[in-house]
Structures are given as structure tokens and as C-alpha cells.
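There are 6 protein chains.
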Amino acid sequence: MLTKLVNSLLNKKSTLEVHAHCDGPCGVYDPASTRVAAEAVLAMTKKLIALNPPSSTDSADWAAYSNTFSRFVAVKEEQAKETKKEILILWTDYFKPVHLETYPDLHETIWKAAKLCSACKVNIDLAQAEELMSYVEKIHNIFWESKGRSDAFVKS
Amino acid sequence: MLTKLVNSLLNKKSTLEVHAHCDGPCGVYDPASTRVAAEAVLAMTKKLIALNPPSSTDSADWAAYSNTFSRFVAVKEEQAKETKKEILILWTDYFKPVHLETYPDLHETIWKAAKLCSACKVNIDLAQAEELMSYVEKIHNIFWESKGRSDAFVKS
Amino acid sequence: MLTKLVNSLLNKKSTLEVHAHCDGPCGVYDPASTRVAAEAVLAMTKKLIALNPPSSTDSADWAAYSNTFSRFVAVKEEQAKETKKEILILWTDYFKPVHLETYPDLHETIWKAAKLCSACKVNIDLAQAEELMSYVEKIHNIFWESKGRSDAFVKS
Amino acid sequence: MLTKLVNSLLNKKSTLEVHAHCDGPCGVYDPASTRVAAEAVLAMTKKLIALNPPSSTDSADWAAYSNTFSRFVAVKEEQAKETKKEILILWTDYFKPVHLETYPDLHETIWKAAKLCSACKVNIDLAQAEELMSYVEKIHNIFWESKGRSDAFVKS
Amino acid sequence: MLTKLVNSLLNKKSTLEVHAHCDGPCGVYDPASTRVAAEAVLAMTKKLIALNPPSSTDSADWAAYSNTFSRFVAVKEEQAKETKKEILILWTDYFKPVHLETYPDLHETIWKAAKLCSACKVNIDLAQAEELMSYVEKIHNIFWESKGRSDAFVKS
Amino acid sequence: MLTKLVNSLLNKKSTLEVHAHCDGPCGVYDPASTRVAAEAVLAMTKKLIALNPPSSTDSADWAAYSNTFSRFVAVKEEQAKETKKEILILWTDYFKPVHLETYPDLHETIWKAAKLCSACKVNIDLAQAEELMSYVEKIHNIFWESKGRSDAFVKS
Chain A
1 MLTKLVNSLL NKKSTLEVHA HCDGPCGVYD PASTRVAAEA VLAMTKKLIA
51 LNPPSSTDSA DWAAYSNTFS RFVAVKEEQA KETKKEILIL WTDYFKPVHL
101 ETYPDLHETI WKAAKLCSAC KVNIDLAQAE ELMSYVEKIH NIFWESKGRS
151 DAFVKS
Chain B
1 MLTKLVNSLL NKKSTLEVHA HCDGPCGVYD PASTRVAAEA VLAMTKKLIA
51 LNPPSSTDSA DWAAYSNTFS RFVAVKEEQA KETKKEILIL WTDYFKPVHL
101 ETYPDLHETI WKAAKLCSAC KVNIDLAQAE ELMSYVEKIH NIFWESKGRS
151 DAFVKS
Chain C
1 MLTKLVNSLL NKKSTLEVHA HCDGPCGVYD PASTRVAAEA VLAMTKKLIA
51 LNPPSSTDSA DWAAYSNTFS RFVAVKEEQA KETKKEILIL WTDYFKPVHL
101 ETYPDLHETI WKAAKLCSAC KVNIDLAQAE ELMSYVEKIH NIFWESKGRS
151 DAFVKS
Chain D
1 MLTKLVNSLL NKKSTLEVHA HCDGPCGVYD PASTRVAAEA VLAMTKKLIA
51 LNPPSSTDSA DWAAYSNTFS RFVAVKEEQA KETKKEILIL WTDYFKPVHL
101 ETYPDLHETI WKAAKLCSAC KVNIDLAQAE ELMSYVEKIH NIFWESKGRS
151 DAFVKS
Chain E
1 MLTKLVNSLL NKKSTLEVHA HCDGPCGVYD PASTRVAAEA VLAMTKKLIA
51 LNPPSSTDSA DWAAYSNTFS RFVAVKEEQA KETKKEILIL WTDYFKPVHL
101 ETYPDLHETI WKAAKLCSAC KVNIDLAQAE ELMSYVEKIH NIFWESKGRS
151 DAFVKS
Chain F
1 MLTKLVNSLL NKKSTLEVHA HCDGPCGVYD PASTRVAAEA VLAMTKKLIA
51 LNPPSSTDSA DWAAYSNTFS RFVAVKEEQA KETKKEILIL WTDYFKPVHL
101 ETYPDLHETI WKAAKLCSAC KVNIDLAQAE ELMSYVEKIH NIFWESKGRS
151 DAFVKS
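Residue numbers (UniProt numbering), protein chains in the order written: chain A, 1 to 156; chain B, 1 to 156; chain C, 1 to 156; chain D, 1 to 156; chain E, 1 to 156; chain F, 1 to 156.
With the rest of the complex left out, here is chain A (with noise of 0.2 Å):
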């Protein structure tokens, strides 16, 4: 019998083939998700900017900042893993060899965008937060191009 499951596999995964090229078998793709991820690193690196260490040596004001800081920078490197994430899955899952041609850069282009989700943890930097933003814009124009629709990048 394993002979012949063997050989039916070698024989007919024309019937599989059809997904082959995808991830997430629910084939639903949409940006929206590694804006909303953006949006929240860009959202925290201001206000971790604006959060000011306590002047005084109270102790309870040392607290609240602590712990405000510290679920800041949580969620700062959160999100950022998010959006990293979802810019990955549309690569490695949406974007098929064909798409190269039209879009010779995407593989840079997402390279890019991956090392400044990095960046966004490691610092805390209003210019690569912005600078990531345009990139995930840049990424939504091109998945929508490549659809052969157009969709505004309405912000939250």
C-alpha cells in the first residue's frame, strides 16, 4: 500500500496544486493590518519622546513613571514585531515571482521595511518611525497595484 501512496503522490498533486503558491489558504491579503501595526509604533515612539522622568526623587511618581515606560516600550516592541510580521506574510505569501517583474525592487523594498521594524526596538526614534510609515505606504501602494485597484492610505 505505500507503494502505491507513494507513487499517487508523485502522480497527482494536480489537485493540490492550486494552493501551492500560498500561505494562509484563506487567499484574503490586505494591508490594513500592517498599517494599523505602524500607526501603534509610530503612536508610542511619541509618546515615549513625551514622557518625562520625574523631577522630583518621589518615589511614587518614580513608580508610575516606570511602569508607564515600561508597557510603553512593550508595546512599542510589540507592534513593531506585528508589523514586521505582516509585511513578511504579504512577501513570502502573496507576492509570487511574476510580481517581480513589474516591481524589481520589491525584495529590497521589504528588506528595507523589515530592518526598520528593528530599528523602531532598538530605539526610540521619531524619523525611523516615520520613515517606516512611508514604507508600509509604499508597500500598500504596490499590493493594491498589483490587484488592479486603487485604495486610499486612510490613517486611523
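Wrong hints could be hidden among the right ones.
Put simply, identical chains are the same to the list, so a pair is met inside one copy or across any two.
No farther apart than 30 Å at their CA atoms in a straight line, the calculated lysine-lysine pairs in the DSSO-like style are these [what the hints assert, rightly or not]:
#1 K47 x K81
#2 K147 x K81
#3 K46 x K138
#4 K47 x K155
#5 K85 x K138
#6 K96 x K47
#7 K112 x K138
#8 K46 x K96
#9 K47 x K147
Worth flagging that the hints you see were computed from the coordinates, not collected in a lab.
None of these values were measured; they are calculated from a predicted model.
Using the hints provided, position chains B, C, D, E and F relative to the given structure of chain A.
Showing chains B, C, D, E and F alone in chain A's frame:
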């Protein structure tokens, strides 16, 4: 020092109050994530209904069918969980007591939408998946109206 | 075959209906998990209030303090999330429309408890952590009463 | 400054020692979570044994059966993992060398319980699920006895 | 104070630059984790091909077969995800622009390897699992060569 | 049919027994993952010790320091958890009763290694991180010896 700390915690919470209504300190709420997940539930439900067991007794056909069926169920499960999670974030973190005056059915609407997420996991049921979609649209409309904006419910 | 499948899905759901009200098909609900998580939130809040920054400027003292502070905040965060998750599982999966007749304030009670979980993350606030504990006890009592059993609220 | 930091780390660990025995700094241990998860494993095993494949060849019946079977296996899997995780938290974080004097079989008991969790994932086996339950009760008894309390093993 | 903070952020990033190229601040990269995960994908694919549905109509045989099949697919899925995640960590965090000069096909190699991970989830296909393994070996060789070391590709 | 199912489950487990000793059905065990995680714990401990708070009161310096400190602690935490998880997978899934005859201290060795993982989370302590590393090497050696192979303990 402890006494001082407790006292100052009791007396000085005002600096933190701006965040007290909000779980996600980023302040970025957007029902787009809910909609993307619900679309995936609907897509997987349709794909599962369209999936036919092999008419032959060929082992490799059955292995391919079972692999695909298992994966489709798992994605439906995961995306229904995600839809529920996103709906509940809006409910517990974005909506505040003042919204209940304008939307007295808010609790009930959210509860039914959450229960539909569970139903879409338990069953493979086109009618329930579409009802979930219409609840997600209803929540989308309440959300944007509550912000004084309107936003078309565009599916990807 | 598709037509047949759709027809039978429409006509034959009765065999699945027994599960339709329930997200976790195991049928094992127990507010003990909620209580354990809420106890941890309360414990961490107390430990954070008791934690004093070093009075000296010694670097190792500061490193030890910051390591402990970061970890305590992270556990408080995680356990508050867990408490919220468990409360919402009871609400969306265990409680059914019939319970609303006996407990008309159920939605409001759950909503406030969930919002207290968020507040315990945002602040280091003994009063809020204790109020969360009392909400968890209230839900514990509703739960066991709805099952026609009583169960003492014993803390570990 | 580095030299000073290293020196003080080497000389001053005493302020941290109170936590050194404990992974979860909250200090809240309770075998109730273990018991709830093990009950779910037992419940799912029973439900899987009671689940009959359709006697007809009707496609929708098979889809419903497969959806339910997949979900039940996934819950059994997840809850067996959770049971194992909770048992190992007690072992690595709560129990300390002094407990080994009173309970010389502790390591062996924990090991067998953990291996039963794995067995309950691999098989659909009522005897193994019930043996796991009895091991969880044994650990529950050791735990409460070690704290000088007794606590009935009440199932939900 | 905000102005001062922004100014100093703009002027003083040099102290952070050493980390700016790196997502995982630990600096420990090792393709061994990728290899272990890919080996598991290959092993599960072989086990799934070798798994025969019962020839009888015995219910318990079918339950055992389905339990094992479901678990094998789930492990294949999880390990393929892990392989992809590890490959992408190397690409987005370890590799830097300078590596592209020596390895101009790096983007394309990573992209194909990531797409093979997805294909191994979608199908039960020995040839694809083995091709993934050879891509993982190729990435292993590029990685160690880029560090000026050589390391045999030993499988466990 | 239920009776038949139960009977056949009781009588026919032999077809499943080959998996009964194993949690991860892939059969791929490799202490390399444990070693990579432990190396990261050691690296982060060293980086945390080397990290100095700013000597000035400049806000941006403090923000940069706190962001980096928080992230380093989080990575140390996560990798110590991962090290523990991997050690416990080997213990509960790979090692079998027969190994206890050759390695009578196995339980104790694993227990101490797991407790060291916890200690490395609680403290920033070079000696403990290095002791964990030596325990991981000891487990590496037991593992490969038990398979009748030897394998150098090469760090990345």
C-alpha cells in the same frame, strides 16, 4: 518610605489619569483588523463547504484531502478566535460608559457577535459566517459614527 | 456534489446543535483560573508598591532594582491579561441568554471587571487591584449559583 | 564604572536572594489550574470515544464529523500541554530541596505525570486520561500537605 | 523639556548605533535552530506518507488513525512555520547590506526557502521537504562562510 | 457502536504503541536549541552588567538607557524560558526509564538546570548564567552519549 509611597500613590494619580480608560496605550483603534479576520472565517467556511472527499479509495487522494481539510479547519478556528479577540478589545478598551447612552444595545451586540465567532468554530455554516460578517459591519459603523467619521465598509 | 453538500448542511445541522452554545467543547468551566490570575495581579501590585529605588547611586543596586521592577510589571501585565481572558471566556461561552433573566446586570458586571483588568495594567494601584478581586468574587458567586451549587471563594 | 558594577554584583546579592527560589515572582501557586486542564483532557477523551463516524456516505455529515473531530483533538492536545506546563511550574518553581526529604518520590511522580500528559496527546485512551487525573490529585495532595493545609480535590 | 529631549534624540544617537543593525540584541545567531525545525518537517512528511488509513471499517481504528494524522499535520505545520521564522530572522537581523555584495542571490534564496516552507504546509510532498532541507543547508553554508568559519551540516 | 469502539480501544492499542513514549512525534531531538538559548541568556547577562546608567540627567540619555535595559531584560527572560522549555522537552519526551539506570542523577541534574533558568531570570548574575551553561553542556553530553554518538559542544 513605604508610607510615603502609598500616600503619594493615593494622592497623585492625576498624572496617569489620561491613560486610565485605555488598555492599549497606543490609542490606535481600527475595526479593519476585525473585518480582515472575519473575511477569512467566511472564506474558509466557503472553501470547506466546497471541499469534497475523494470518490475513490486512493490513499494519496485521502491524505491530500485530510491535510487540506485539517489546515482549513485550523485557519477557520484561528481567525474566528482573532475576530473575537479584536471585537472584545474594542468593547473593553475603546468603548466607554458615555457610548452606552448613544448605543444602549452595545453590550448585547458585542455579546452576540462574540457568540457567532464561537458558532463559526463549532460548525461549518455559511449562514452563521455571513451573520458574523454583518455583525462586524454593524460594529464598524457604530465605531466610526462614535468618532464622528464615516468610513465605507470595503472588503479586501 | 456541492449542491448536495450545501443542501445537507442546511437541512441536517441538528447533530451539531448540542455544541453550538459552547466555544470550548470540553464543557469544563471553572472560575478558579480567573481567581488565581487575579490573586497574582494583587500580589504583584503589592510587591511593586513595596519596591524602593536604591537610595545610593550604586550601579549594581540600580540594575537589580530595574531588573526586578521590569519583571514585576511584566507579570502584573500578563496576569491582568489572563484574568481578563478568563472572565471573557465565561461571558462569551458559558453564560447563555437564559442567565440574563436571572442576572440582568451580567453584561455590566463583566464589562466593569474587564475594564478593571486594564486599569490594573495601566496603574500600580492597590484599590483597583482589590476592586478587581471583589469583582472576580462576584462572578465566582454568579457562576456557581447559576449551576445550583455553592462554592466558597478560597484564596491560595 | 564596570569594575565597580561587577564588584557590587559579586558582593551585594543579598537584597535579591528572597526571590532566588522562585520563577513566578508573584508567589501564587495553586494546583487548581492543573486540575481544570486535566479535567478538560479527560472530558475530550470521553467525547472523542463517543464520536462516531457517519454511517452514510453523505458529504455534509462527514464534513461535520471531521470538523468536530479535528477540534476535539486540538483541545485535547492544548489542554494536555497546559496540564504538563502547570505540573512543571510547580516542580521547577514551587518545590524546593527541603521538600525532597519529605517526598523522596517527587521527581519520579512529576516525571510520570508529565509523561502521561504526552501519552494522552498521542492516544485516545480513557485509562491513561484517568491515570493522569489520579496523578494530578496526588500532586494536589502533596502540594497542600507541604503548605500545612488540606484542601478537598473538588472537580468542576 | 520636550524640546530638549527631541534635540538630544536628534543629536546623540551615537551611543545606540552599535545595536541599530540588530533585532535580537543578544547577537547570538545560529542556523542550527533552522535545521532542527526543517528536519522535523521532513520527518513528519515521511511519517504522513507512511500512514495508511485502516483497511477495515472499525471505528476505533479510524479514531486512532485520525488522531495520529491530525497531530502529524499539526506538527508539520508548526515546524514549517518555525523554519520560516528562523530563516527570516537571519535575513532581516543577521544579514546586512555588505553581505549582498558577496551573495547577490541572498534575497532570492531566502524568498524561495520561505516559499518552500509554505509549500510543505500546503502539501504532503517528499520532494518539497527535501528541497527545503537543501535550501536550509545552502543558507547554513552562506551564514558560516560570511563569518569566516566553516561548520559541517550535521543532522540529528 | 460505542461498545464496539470502547472494546476495540481496549484491545487494539498495539498499533499506536510505537509513539507512546514520545511527545513530539517527529522524533527529532537535538540539544542544539537548548544551547543556543542558553548562550543568549549568558550574552544578555553580560550586556546588562556592561550597561551603565547615564551619569548626566539628560532625558534622552535616560530614555535610550531605559529602552535598551527593558529590551535586554525581556530577551534574557524569554531566552531563559526557552532554555527551560527545551531542557524539559528532553526530560519528559526523549529520556525513558531505561536511561535512569545509566544516569541515576538525571532527574536531579534536570531539576537544577531548570532552577538555574529561573535564577537567571530573577537575577543579573554572571556566575549563575555560566553555571547554567555548564549544566546545558552536561545535558548535551548525556544526550549524545545515550545515543552512542559523541558531539563536540561548539558555541556559536
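Hint check results:
| no. | hint | in the structure |
| --- | --- | --- |
| 1 | K47 x K81 | both (18 Å within a copy, 22 Å between copies) |
| 2 | K147 x K81 | both (26 Å within a copy, 26 Å between copies) |
| 3 | K46 x K138 | within (22 Å within a copy, 32 Å between copies) |
| 4 | K47 x K155 | within (18 Å within a copy, 32 Å between copies) |
| 5 | K85 x K138 | both (17 Å within a copy, 24 Å between copies) |
| 6 | K96 x K47 | between (38 Å within a copy, 22 Å between copies) |
| 7 | K112 x K138 | both (12 Å within a copy, 23 Å between copies) |
| 8 | K46 x K96 | between (36 Å within a copy, 24 Å between copies) |
| 9 | K47 x K147 | between (36 Å within a copy, 21 Å between copies) |
Every hint from the earlier list agrees with this structure, and none is contradicted.
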